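*Asks:* Spelled out, the chains give:
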Amino acid sequence: MKLTSREDNGIVILEPKGKIMGGPDATVLHDQLHEFIDQNKKKVVIDLAKVEWMNSTGLGILISGLTTLRNNGGELKLARVTEKIESLLTITKLITVFDSYDSVEEALKSFA
Amino acid sequence: MNVGQLIDLVYLASGLTLFMLAGVIFRENPRGRLNIIASMMMLFAGIGPLAASAYGSFLEGIPDIPSWLLNSFYVWELFFPSLLYFSAIFPEPQPFFFRHKKLFQIAFLPTVFHLLMVVLLAEPERVLGFLNFESSIPIIGAILSLVFEILRMITAFIGFLLLFHSRFFSIINLAYVIFALIILYYGFKRIENPRLKQQVRVVIYGISIGVGLYTLAIIIPTIVDINLANPVRVAMVMLGLVVGPGSISWAIVKYQFLDIGLIARKSLVYSISTAIFVGGYLLIVMQAGSLIQSLIGRESQMMNVLVIIVMLLFFQPIYTQVDDFVKRIFIRFRGDYSRLLESFSREILTVFQEEKLASTVKETLRREMFIENVEVCFREGERSYKLVSSDLVGPPVEMEEQAYNYLISKQSPLFADELSSKFDEKCFGDALKYHDTEVIVPLIRKDKLAGLLLLSSKVAGFRYGSEDLAFLKILANQIIVALESCDLYRESLEKQRMEEELAVAKQIQRGLLPRELPMMGNFDFAAFIEPSRQVGGDYYDFIPIGNTRTGIVIADASGKGVPAALFAARMQVMIQSEVKFGKRLREMMASINNFLSVSTSGDSFATCFYGEIDDIERRLYYCNAGHNYPILVRKNGSIENLKKGGLILGAFPEEKYETGEVLFKPGDVLILYTDGLSEAMNDRNIEYGEQRLMENIRKFRTHPAEVICSMIIKSVKQFAAGADDLDDMTLVIVRAKET
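Going down the list, the protein sequences come from chains E and V. Its first residue numbered 1, the first sequence is counted upward by one per residue in this note's numbering. Its first residue numbered 1001, the second sequence is counted upward by one per residue in this note's numbering.
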């Protein structure tokens, strides 16, 4: 997994690419999220358009990211979730927990 | 050969030896102050015996040598101020040397004056004779005669001085010798390094004895006007001549004194041993020749030739022996480094920790090469190196890319100034300056810089020679090998630890599984589980509830290894105890979820399907907490997914769950599985997939549960054959019997 990030109007947009699986890969995403929280950046959009797949560890990272942000008064939103991951979110019913949007712009707008 | 000739031969040999030493020492470092002064001292000292030898051998017979020419041998007296100068800077400059440098230079002046005096004015009358010419012009003649008169008076005065010049300047020389010995002793006392002290001791004792003997034999008798018996005097001078240069040669050969290179040391040993050998050979040949001559009573060329041939035959094997002996005894210093390498490699063979390795390297280099400070750095990050086993808490070495690449391309130890002259002074951060680095030894492993040795200057101003650099290069290779074994050791420890952990995880997982399949009148069951290499969090369970109901669990805890297995174990305990309380399914799941959410870290969770099969009602009540939808294949082949339930367990508290319900008819088959089965991939990265799973179940549905189970597993394994690293794979089959 490769991870890039940018900011738009105080909202952090994370763009992981590849597979979000266990191991050092996943730690990067986890650490990055916690770094933003430390920097008091608590509005985060994860653009999943380029994520082919994630396993349970990957889901765990999203969950802990969401929990941590919410506990700190922030929010994590998902954008452009691919079909495969959407089905994963559906089966696990996590789709009811995460706000997910068809585009990054919509996700950004939802923070307003 | 008579005694006189033998004495001349010894003079000649010691004179040549001193010349050679002078050459060797000078060539080793032509710009070093110590080398210049030491070689000057040896050169002047060598002139003395050479002159004596020449005088004794052939000059004596020639009657008409002008005395100024003979007196030019007095140049050897420059030895004394050289000795004084040498004493002030050996083995390192004394503190007062820098303050009074001029004084040591001025010390040469009296000797130079003496030399000029004895050469130019050896025969004042003869000099005056040159000047005594007439002029036809009266005025010039008058001036000339006036000048002549003045010169005559001066020369008369000098002639007067010349009467006892040797006594007067002997006093000066004696003073120099005394001062020099005092200063040498003072310097010697200040040395702290024991090995250096040993080297210097030999030299100081040698010089002291040599000079002391000469003083007793020549200088003091000259001053107090005693005539020593000639043999005593000659013996003392000869002994002095052998001991003085001998001690210096010994220190050079044995201790690499003044860092004289190997080739120079070798040639020194060979020249001296060959000189002694040839001397002995000539002596024997001559003695044998004259013996034979006296026996047969006449001179015989034949016999002489015969003796030489016999001696040659006899000496050749002896010479080989001597050669061997010399190599064994004197070139033993060669072994110093190789012996050191040997013991070093034996020592680091048993070192498996980088810190220990670093301190061994540091210790060894400081002890054996007299390096004041050694820093061992190992790679920490990209071009960044941390100091291991440092006495100082210094900054890490941060390298610029150019400098890094240069070290890689260079491959060998190099002087720090080579680097700072090529690149920016800060190309190593502050490290070079901070550690006073003189030599950098790169440790290159697989084209990467695995580490560095930063060596400061040697104690007492010893220099790094080419031999040192060659040795350091070999040492670097050994350190790299040792680093590799450190890595291997760490990896094997890590692997062992992981394997132990996996064994624990496997044990936990196995402990979760039911011992036997439930027995029910209308259903038959089958179950399969295969943990992955890393052991995931899969488990299944059958819980008997009363006589007619059975609880079925299939779950997949997130993550791998022990944490996942523990999570599953905790969940199992919860489920089993909740089931005993007889709660409704959705309440039970909510309460398990609450418990797990609060009691575990935020990123661990589990997908879990729990169902209760009623044998009489032929009904399944279930709650699916985020698990892969179990597949119900009806007898007619139609398919239903069991989706009702709620969110995965352990992620968010206070979730609501629903209960689902299915009625079984005979021949219906329910398949519960984990994603390890449906997502099993083949070597072309294609998933087995739910589609394929459903088709296969449809195909096998008429068989008993046991058969369906094994056929599906077989089909998955065939599909994924050759793929590595599968996930945990769990499959539970429930089939409504056809009566």
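Rather than coming from a laboratory, the hints here were simulated on the basis of the structure. A quick note: this is a predicted structure, and the numbers were derived from the prediction, not measured. No residue lacks a Cβ here, since even glycine has one placed at the ideal position from N, Cα and C. Mixed in with the good hints, there may be bad ones.
[What the hints assert, rightly or not] Far from chain E, some chain V residues (derived; all Cβ distances over 10 Å):
1) 1073
2) 1320
3) 1346
4) 1444
5) 1603
6) 1605
7) 1607
8) 1629
9) 1647
10) 1652
[Claimed, not checked] List time: in silico DSSO-like cross-link candidates among lysine-lysine, alpha-carbon distance up to 30 Å:
11) E:19 to V:1422
12) V:1386 to V:1422
13) E:19 to V:1386
14) V:1714 to E:19
15) E:50 to V:1714
16) E:2 to V:1699
17) V:1717 to E:84
18) E:84 to V:1422
19) V:1699 to E:19
20) V:1656 to E:2
21) E:84 to V:1665
22) E:42 to V:1699
23) E:2 to V:1422
24) V:1446 to E:84
25) V:1386 to E:84
[Claimed, not checked] Which bits of chain E does chain V cover? Going by a derived footprint, with three or more residues having C-beta under 8 Å, they are:
26) 33-47
27) 60-67
*Asks:* Taking the hints in turn, state whether each one holds.
*Replies:* Going down the list of hints, with the structure as the test:
1. 1073: About 82 Å separates residue 1073 of chain V from the closest Cβ of chain E, which puts it past 10 Å; holds.
2. 1320: Nearest chain E Cβ is 67 Å from residue 1320 of chain V, so the label holds.
3. 1346: holds, 38 Å
4. 1444: Holds: least Cβ distance 26 Å, greater than 10 Å.
5. 1603: violated, 4 Å
6. 1605: violated, 6 Å
7. 1607: Nearest chain E Cβ is 6 Å from residue 1607 of chain V, so the label is violated.
8. 1629: violated, 7 Å
9. 1647: At roughly 4 Å from the nearest Cβ of chain E, residue 1647 of chain V sits no farther out than 10 Å, so the non-interface label is violated.
10. 1652: Not fine: 6 Å to the nearest Cβ puts residue 1652 of chain V too close to chain E.
11. E:19 to V:1422: violated, 46 Å
12. V:1386 to V:1422: Cα-Cα ~24 Å, so holds.
13. E:19 to V:1386: At roughly 34 Å apart (the allowed maximum being 30 Å), residue 1386 of chain V and residue 19 of chain E break the hint.
14. V:1714 to E:19: holds, 28 Å
15. E:50 to V:1714: Answer violated: residue 50 of chain E to residue 1714 of chain V is near 34 Å, above 30 Å.
16. E:2 to V:1699: Roughly 42 Å between the alpha carbons, so the hint for residue 2 of chain E and residue 1699 of chain V is violated.
17. V:1717 to E:84: Within the cut-off at roughly 23 Å; holds.
18. E:84 to V:1422: violated, 57 Å
19. V:1699 to E:19: violated, 34 Å
20. V:1656 to E:2: violated, 36 Å
21. E:84 to V:1665: Measuring from Cα to Cα gives roughly 33 Å; hence the hint is violated.
22. E:42 to V:1699: With a Cα-Cα distance of about 52 Å, the restraint between residue 42 of chain E and residue 1699 of chain V is violated, given a limit of 30 Å.
23. E:2 to V:1422: violated, 38 Å
24. V:1446 to E:84: Given that 30 Å is the threshold and the Cα spacing comes to 42 Å, the pair is violated.
25. V:1386 to E:84: Since the Cα atoms of residue 1386 of chain V and residue 84 of chain E sit roughly 46 Å apart, the hinted pair is violated (cutoff 30 Å).
26. 33-47: With 0 residues closer than 8 Å to chain V, the stretch 33-47 of chain E misses the three-residue bar; violated.
27. 60-67: It holds: at least three residues are needed, and the stretch 60-67 of chain E offers 5 whose Cβ sits within less than 8 Å of chain V.
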